[in-house]
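Asks: Each chain, written out:
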Amino acid sequence: MDLSRYFDLYLAETEENLRALSRALLALEAGEGKGALEAAFRAAHTIKGVAAAMGFETVAAEAHRLEDMLTEVRSGRRPADPAWVDAMLAVADALEAAVAESVERGPSAEALEESEGPAEPFDAGAGADLEADAVAGFAEDAELVAAVILSKDTPLRAARAAVIRRRLSELVPVLGSWPPDPSEHVNRPLLVFLGRDGDRAALEAAVRGAGDVERVEFIVPMRYSRPAGPATGPKPKQPARPDRDAEAGRAHGRTVRVDAGRLDEISDGIAELAVVAGRLVAQLSPEVPAALAETARRIARQVEEIQAAALALRMVPVREVFDRLPRVVRDAARALDKEVDFRIEGQDVELDRAILEELTDPLVHLLRNAVAHGLEEPEERLATGKPVRGLLRLSAVRDRSSVRIVVEDDGRGIDPERVRRRARELGIDVPPGTELTGEALLRVIGRPGFSTAEKVTEVSGRGVGLDAVLERVRALGGAVAMETKPGVGTSFQLTLPVTLAVTHALRVQVAGEDYVLPLTHVTEAIDLRDARVTRTEGGEFVDVRGEPLPLVRLGQVLAADGAGEESAAVITAVGERRGALAVDRLVGRERILVKGFDAAAGTLPIFSGATLLGDGRPALVLDPTSVL
Amino acid sequence: MDKTVLICDDAIFMRTMLGDILRRAGFQVVGEAATGAEAVELYRQLKPALVTMDIVMPDMGGIDAVRAIVSEFPEARILMCSAMGQQALVVEAIEAGARDFVVKPFQPSRVLEAVQRVLG
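Protein chains in written order, with the numbering used here: chain F, 1 to 628; chain S, 1 to 120.
Worth double-checking, as some hints may not be accurate.
[Stated by the list, open to error] A partial selection of chain S residues facing chain F, derived with a Cβ cut-off under 10 Å: (1) Glu41; (2) Arg44; (3) Pro108; (4) Arg110; (5) Gln116.
[Unchecked claim] Dumping the calculated DSBU-like pairs for lysine-lysine here, alpha-carbon to alpha-carbon at most 30 Å: (6) S:Lys47 <-> F:Lys34; (7) F:Lys34 <-> F:Lys152; (8) F:Lys386 <-> F:Lys485; (9) S:Lys47 <-> S:Lys3; (10) F:Lys152 <-> S:Lys104; (11) S:Lys104 <-> S:Lys47.
Just so you know, the hints here were simulated from the structure itself, not pulled from any lab data.
Glycine included, every Cβ here is placed at the ideal spot set by N, Cα and C.
With these hints in hand, go ahead and build the complete structure from the sequences.
Replies: What follows is the structure, given as structure tokens:
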């Protein structure tokens, strides 16, 4: 039996269920009771059933263990106190590890082994698991699937399913149905796998005639296969966009799950195509016949539309990563005996999946740091008149072409004097006059190896981190800003481009060379020729509607020879930092596809990547964060 | 339309109640059986339009009775009567050839709906 074609489905559904499980366990601990308990049960049970069908026994066994532990709670033998939830979370971790391992091993590895010897039965759930095992067999041969929604109050749903199967079997061969026991999956459509397509009206009448049927839809199963072998092809780390109702959606043919790697290939391909199309249009000269030019323009427009559609496919709600974080905060808080009120906002804000995936580590780091160093010990909070429970807030907001993610605590803030002392110990040069606030402070504490924590804790790491956070966010074309007030709290702001695929950028010229600046950070451009520039000891400032902004002459920064007359300045904003970048000439707005690159050691850290311009020339992408 | 019915249940109470529901809907109860063996025998004699069949009965259970009847009369229209905890048995009965089922305690409307489906 070839299980590999179900592998993506297994993985996507299992990851969804793992997240649901973790959510439910935390809710259970928070006292949400029965609903949470049942949710945890469902998740564990589904993971078990699907894993058993795939032949991943370790996964199924861990899930079964968890079911047993949940049963203890359900039967009232144990309260869902922190200790027991801890134990269950530990098993959930083991389960997650088993899933990860099953991914490493790839499809059907275990299933094949399993066929060599007798399967070890899992006591109570064995019957259901054996049935689950059979589903892959008949689902594979189905030509048509009937998705049936039974009324909510249908008694004996499995028996009703049997009636439906029976009635359908008078018309077409019926291979089987899923789930094996529909009584346990009240919210799921019943899928009946048919060996042949037939007169849909007659089939529908047969199903409806079985009673208790609310809705019937027919789906022609999609055949898709993965690249041969688990070793080749991109490993799908994340399911492609698991909608909350993906379960129902899939059954109704509205949603399909696609390997994330393949989606990337397509959207990258389209993005390249868009750039080439743009180039084609840019090369149109008056000598080109009008019809040909029109066709070229039409192609470019069309590609642009396809690209917008492809971009939308890349977007996922930040929920996918945010959902895992309550667990991180809880564990950190428990390990440190702190009480934390963790609030999440803006879960539905969407971000390019590729960016979001990269954000897990930075967010985990910032949150742990906040719990470990930001939030005070309960006694200290009481003594300073704060609520015992520290407040930790994570939020996401869409702001034009960027997304801002904020991690904010109401803790003790960062003490600039301590930072200064620590910097001195580490031999980091901090000019005595510098006021250590906001970005200046961030620059110091963001140095590799910097940590003011007196004791190294298990939770917050060992001075690795903040620099890695800054680096990661920058590599994504984003920026980090920080605000802290002693005694009041600290907030980190991560500003990220909405997508990595194609960025709108401003093309400028400095000393005869073209550079681009991502529009994410550009607020406006001004004519420098009639602007008022003042020189002070701190440098040059240009007056923009009454506000003096530091003027950075890119020609000097780039140490370019033959810098021409600077005619314009691009006003750039990174977090709260604003500045004017003087350039020789503004060329225009471009759509660019940024290729990240690893700059050779020792080169100027002011570029974040390289790109091909509309006319095919390569250009470097300036990183406004470092320039400022 | 033939509205003859054979009721099979080992409990008189159930036979009576079911009979009342069906009679009120214009059915004619032509026979009552208290065991599976009786059910098969009476079916042969009466060839009713509808059979209601309890699952747990002495001397051949309802499921075996369904098998026996259907093997001889594939066109037989049998409605299973079951309790809440007997889901697996109902599935088995349907796979053996019963057309539909109702769940005890009987609600007249649900019984008649099921009968409609079986006869329809």
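Asks: If a hint holds in the structure, say so; if it doesn't, say that too.
Replies: Status of the hints after comparison with the structure:
1. This hint is violated: Glu41 of chain S has a C-beta 26 Å from the nearest C-beta of chain F, more than the 10 Å allowed.
2. Taking 10 Å as the C-beta contact cut-off toward chain F, the hint placing Arg44 of chain S at the interface is violated, the least distance being around 24 Å.
3. Because the smallest distance between the Cβ of Pro108 of chain S and any Cβ of chain F comes to about 15 Å, over 10 Å, the interface hint for this residue is violated.
4. With 10 Å as the threshold, the beta carbon of Arg110 of chain S comes within range of chain F, its nearest partner Cβ sitting at about 9 Å, so the hint holds.
5. The beta carbon of Gln116 of chain S comes within 9 Å of a beta carbon in chain F, closer than 10 Å, and the hint placing it at the interface holds.
6. Straight-line distance between C-alpha atoms of Lys47 of chain S and Lys34 of chain F comes to about 51 Å, which puts the hinted pair past the 30 Å bound.
7. A threshold of 30 Å between alpha carbons decides the hint, and for Lys34 of chain F with Lys152 of chain F the separation of about 19 Å falls inside it, so the pair holds.
8. Note on Lys386 of chain F and Lys485 of chain F: the hinted pairing holds, with a Cα-Cα distance of about 15 Å set against a maximum of 30 Å.
9. Distance restraint check for Lys47 of chain S and Lys3 of chain S: the Cα-Cα separation of roughly 11 Å lies within the 30 Å cut-off, and the hinted pair is therefore satisfied.
10. Restraint check for Lys152 of chain F and Lys104 of chain S: the C-alpha separation of about 18 Å stays at or below 30 Å, so the hint holds.
11. Annotation: proposed proximity of Lys104 of chain S to Lys47 of chain S holds, straight-line Cα distance about 25 Å (limit 30 Å).
Hint compliance for this structure: hints 1, 2, 3 and 6 are not met, and every other hint is.
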